[in-house]
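**Student:** Now for the letters of each chain:
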Amino acid sequence: MRGLDKTFPGTTALRNVDWELRAGEIHALCGGNGSGKSTLIKILSGIYKGSAGGTIRIADAEVAADEINPKWSHEAGVRVVHQDLGLFPDMTVAENLSLGRGFEKSRISGISWRKVEVRVRELLERFEIEASPATLLSSLSPAVRTEVAIARALQDQGDQHRGTLIIDEATAALPLHEAQALFASLRRFAARGQSVVFVSHRLDEVLSLCDRVSVLRDGDMQGTWDTASIDEAALIRLVVGKDLEQVRRDARPSTQGPSALKVSEMDVGPVSGVSFEVARGEILGIAGLLGSGRSELLRGIFGDLEPRRGAVEVDGQPIRVRRPADAMSAGIALIPEDRAVAAAFADQSLSMNISAAVLRRYWRRLRMRPRSMARDARALVGQFGIKAARVDQAIDTLSGGNQQKAILARWLQRDPRVILLDEPTQGVDVGARAEIYRLIGERVAAGAGAVLVASDFEELASFADRVLVLRDGCIQAEVPCAEITPHRLSQLVYSGGESHVAVH
Amino acid sequence: MSLSTDQITEPGAQTPLKPIKNRGSRPSLTSTAVNQLERLGLPLMLVVLVAFFTIDGSTGELFTSSANVRQLLSNQAVTGIVALAMLVPLTAGYFDLSVPAVAGLASITFAQLAGPAGYPAWVGLLAALAVSLLSGAITGWLVAGLRLNGFIVTLGLYTLIQGGLQYFTDGQTISSGLPDWVGSWGFETFLGLPRPFWVLVVAAVVVWYVLTHLPRGRELEGIGSNERAAHLVGINVRKDVWLAFLGSATLAGLAGLMITIRSGSADPASGPAYLFPALAAVFLGATCIRPGRYNVWGTMCGVYLLAVAVNGFTFLGADSWVSPVFNGGALILAVLVSTLMGRQRERLSGSD
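Protein chains in written order, with this note's numbering: chain A, 14 to 517; chain B, 6 to 357.
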């Protein structure tokens, strides 16, 4: 018999969490962003330490939460397969199953490929993976890749299957039937005593594939249920939280004014045949999971991706967009997802970052005017409430929220007619989030139209006037202002949908 | 000198965060000193070296002789222009290793047309520049258009052009039939300084102006900082990078002309000698003036620091192995110091 029992006392991420995992079960862990799932997993695998007072027991071994370390976890049989799998696509299956573990050596201490192959073959057989050792990983389907990652995590346990396998959203990119095949093999391991923790956003999957489910919200463990005794609606309520139903919205007078943006029959990335209209003074929300095409839709409108088909109108004028500069001159702005990768010039000054989209304004009488650039930047820093000592300090010395406000200042100073927002408050604290929406709200009230993509449904419910639900690249539903609640959005986004598009 | 956004920068830019209204408050004295030291480290080292070789009894007389000073200034003009040519695409984050080879190509083209082939000198000059531009256009197309790895493409081009020159010239230096002014032009002075040095000064000012005072130059720096973000603020990344390679090739062509004009001949093997000193100067330059960024005046300091050191050591009677050891050592030391200072700065700003 084994079982684990953990208590994490009051960190902000996790409050006094008790959790029990039985041997040989598949146990789902659910929760929204920031609910503490990842923290829990990281403590369990020893990457983070818990605060003093908590204990973690796995089988007969027990450790204080503030003394856990990766070595202890590993010895206790905890293995994690992460969302990105951490495999090497350009290497063979055999190499992927050997790196990190070590290759078999020949007598003169080179690699004995024969021995490696024997081990890998046996491993592939044991885990029933349909691949040969010499296959390049990149030529395998996502499901088989996930199996290889699991095999790699479990390979050194031999045939024993005792221990804890944590699968952290690793099936997010798999179509349901492939996920089911994967679960068939997980079932076999579980039957032999392996415990599996399955972290997922896809509640339908959780209910049909797991034995029990635990829900975390805001660092509090809400409880554990048998999947047979709970339905999807109840689970969504647990994940989102009951009181959120009452999030008050300023019911903006539904200004069905003239259209600010009109998109017709757009095909781009996984998006196909999407049409919608945004009125001036309206914030249109887009709800969808990763891979639903939500980001690609915005990038297509902005000219960052080339749409295969479709037409765009701004203020009733048809526009032709081939690159972002075209969209910008038509009055479109895009605040992209992932600031560090797509928006911030990390080593450049705050003033350069703020002026990046209006650089040519500062070329006067044959030279750049850094002083007037700095003066304007200082004015914007004040106006946007950016906390910075000087406008010449590098932007990466600022907090995430202040960086994001600087990016917002970069675009809003252009007085855009259409503001495209892709997760505008990612990695931003609550105070800055409210500020950001206040600033966007001002522009929208002044007659701009906005499209807001957010994976936080609470955010959509609070700020969008209307929400389109995007699934598999198509608009599945349109939710009018009065009906937008996090609960309703979760239902529409998560439920149903036999086919999930795999997109990376 | 004015360097765009950094100009508003008083020393001590990267101090701990304070509310904006405290903008007037000065950073601590020590952090100001550290920053100034970092900014001016390389120029100071150059001054110290010059002073040392001037004062030292065994080298002073030779080192400060007008012949030596002229030789020093003039010799480094080509290295300096080659370094500037590498600096332009590097601002956008792209290596151009083909510069020395393209300079060699221009040098040979000019000498061959104006010499043995018997065309007027201006035809040779124009043809040399045209050939350089063509090579830059091709590199730009491969790197910016087809998105190939710039380091590899330009390394390939460097090798290919060097081989082609060897084949074309049979390894022989071209010197016959060149007009008389070729060979003597470079030894004449203007305002007391050798003409090739003035060419370098003009080239440096032009590159500095383009990089810091034209929007396109600021865009290149944006591309070098974050190419994806640059694309999303409407910068035409492909065009800018392509133009950077074109600019680089133009400077390479100019360097090539200077090689022929200064020596009165064209040696197909002359290019490679400039690769390391020029590259080292660019990297050394990024440790001063605007630490962490490739910049024109830092690069110029780098060129002359290496040249002065090697020149002085030669007068001290050092063996030939001393100069490569110094070049390599200086490069590692400069990077070491600037990296450690950068980390210190991060710690200062992160601790708040």
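Any given hint could be a false lead.
[Claimed, not checked] Far from chain A, some chain B residues (derived; all Cβ distances over 12 angstroms):
hint: 1; residue: Leu49
hint: 2; residue: Leu198
hint: 3; residue: Tyr214
hint: 4; residue: His218
hint: 5; residue: Leu219
hint: 6; residue: Ile228
hint: 7; residue: Leu237
hint: 8; residue: Val238
hint: 9; residue: Ile240
hint: 10; residue: Val242
hint: 11; residue: Gly269
hint: 12; residue: Gly297
hint: 13; residue: Val330
hint: 14; residue: Val340
[To be verified] Here are the simulated lysine to any residue pairs, SDA-like style, with alpha carbons at most 25 angstroms apart:
hint: 15; chain 1: B; residue 1: Lys244; chain 2: A; residue 2: Lys55
hint: 16; chain 1: A; residue 1: Lys55; chain 2: A; residue 2: Ser277
hint: 17; chain 1: A; residue 1: Lys55; chain 2: A; residue 2: Trp32
hint: 18; chain 1: B; residue 1: Lys244; chain 2: A; residue 2: Arg380
hint: 19; chain 1: B; residue 1: Lys244; chain 2: A; residue 2: Leu318
hint: 20; chain 1: B; residue 1: Lys244; chain 2: A; residue 2: Arg373
[Unchecked claim] Okay, the calculated beta carbon distance ranges per label pair:
hint: 21; chain 1: A; residue 1: Gly236; chain 2: B; residue 2: Val340; range: 51 to 61 angstroms
hint: 22; chain 1: B; residue 1: Gln76; chain 2: A; residue 2: Arg373; range: 57 to 67 angstroms
hint: 23; chain 1: B; residue 1: Gly123; chain 2: A; residue 2: Arg377; range: 28 to 38 angstroms
hint: 24; chain 1: B; residue 1: Leu153; chain 2: A; residue 2: Ser145; range: 46 to 56 angstroms
hint: 25; chain 1: A; residue 1: Glu88; chain 2: B; residue 2: Gly347; range: 51 to 61 angstroms
hint: 26; chain 1: A; residue 1: Arg373; chain 2: B; residue 2: Gly347; range: 23 to 33 angstroms
hint: 27; chain 1: A; residue 1: Lys400; chain 2: B; residue 2: Thr37; range: 38 to 48 angstroms
hint: 28; chain 1: B; residue 1: Leu151; chain 2: A; residue 2: Ser145; range: 50 to 60 angstroms
hint: 29; chain 1: A; residue 1: Asp103; chain 2: B; residue 2: Thr37; range: 34 to 44 angstroms
hint: 30; chain 1: B; residue 1: Val340; chain 2: A; residue 2: Arg134; range: 17 to 27 angstroms
hint: 31; chain 1: A; residue 1: Asp360; chain 2: B; residue 2: Ile157; range: 51 to 61 angstroms
hint: 32; chain 1: B; residue 1: Trp190; chain 2: A; residue 2: Ala392; range: 17 to 27 angstroms
hint: 33; chain 1: A; residue 1: Arg377; chain 2: B; residue 2: Thr37; range: 44 to 54 angstroms
Hints listed in this document are in silico derivations from the structure and should not be mistaken for laboratory results.
A virtual CB, placed ideally from N, CA and C, is assigned to each residue, including glycine.
**Student:** Return the numbers of the hints above that this structure violates; sort them in rising order.
**Tutor:** 3, 4, 5, 6, 7, 8, 9, 10, 12, 15, 16, 22, 23, 24, 25, 27, 28, 29, 30, 31, 32, 33
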